[in-house]
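Peer 1: Please model the complete structure; the sequences and the hints are all you need to start from.
2 protein chains.
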Amino acid sequence: MIHAATVPPLTRMLMALHAILAKADAHCIARKIDPAALLTARLFPDMFPLTRQVQLTCDFSSRAAARLSASEVPNFPDTETTFDELAARIIRARDHVNSVDPAAFDGAERRVVTIKMRGQDVQMTGLDYLTIFALPQVYFHATTAYNILRHNGVEVGKADYMGLTGR
Amino acid sequence: MIHAATVPPLTRMLMALHAILAKADAHCIARKIDPAALLTARLFPDMFPLTRQVQLTCDFSSRAAARLSASEVPNFPDTETTFDELAARIIRARDHVNSVDPAAFDGAERRVVTIKMRGQDVQMTGLDYLTIFALPQVYFHATTAYNILRHNGVEVGKADYMGLTGR
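If you read the sequences in order, they're chains R and Y. Note that the numbering used here has the first sequence beginning at 1, numbered continuously upward. Note that the numbering used here has the second sequence beginning at 168, numbered continuously upward.
FYI, nobody ran anything at the bench for these hints, they're computed from the structure. Possibly wrong hints are sitting among the right ones.
[Said to hold, decoys possible] Footprint (simulated), chain R over chain Y, 3 or more residues, beta carbon under 8 Å: (1) 210 to 221; (2) 276 to 290; (3) 300 to 312.
Note that beta-carbon positions come from the ideal geometry of N, C-alpha and C, so glycine has one too.
Peer 2: Following this line, the structure appears as structure tokens:
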């Protein structure tokens, strides 16, 4: 079951974010807004900007698929500076998440996963890793990306976040 | 496994939000800020204010536990106007989530759950309901509550959201 509780929701969230960014890109074009105004926007000076929120959504998704399948954690460099590049990054993350053999997730609920948390190695079961670490992180960064865009007047709605539109 | 993928993460997120609101309350007292300034704050005029984000985090949590255990969906009136009242609301939601007999979740992965989505009845398996509906909703509203507070200068951090502090 852990594959079914990991890959479909991550795929759905990534593609929801992909559709949300497409709307933000179109918003910039329609209103002659410099895309950098949104891509570098933050909700507070010491929070990450939109670009980084998207990168982190991708990273936490890819790492979840890798760690739960005991496969290599992919390394995607954080070089994106445009909506098109962020869209491509999301597709790479989705493709990675979907490329992992479902059978490799078997037994991941009870397998020990080691992560760095506040600089220290923390061990937890795969189930705890997914449910109290990876998913809250993915949804945090996807929601914060959404909130940055909403705060800047981009017309996206809850249905976009839930993946009910734009597929 | 569906009980383990539902109750512990919901409990953890609710208690993280409880701790975050306690810091917001303390922030208001220390700086002589009217708590209503935060409780009614929104990231955009047509988004819900903090109070409603907290109520929705509670509601989606309680409904998840109820629907997955085929037990009664509790009805909590939305009457909170203070941090203390929101804290009590969170505790009620947590107590409800934890009061459900774990055995009642058995087989919920495959049981059909019916929810209203955009005014229409939508049926899905319990697993889909949890992973692509309930959890994304809970984390959306908890993150948005956090983002409203961050945007208003309350000193909370990711560790608070992840439930690593203030327990």
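Peer 1: Compare the structure with each hint and give your call.
Peer 2: Hint check results:
{"no.": "1", "hint": "210 to 221", "result": "holds (count 3)"}
{"no.": "2", "hint": "276 to 290", "result": "holds (count 3)"}
{"no.": "3", "hint": "300 to 312", "result": "holds (count 8)"}
Violation of the numbered hints given earlier is absent; every hint is satisfied by the structure.
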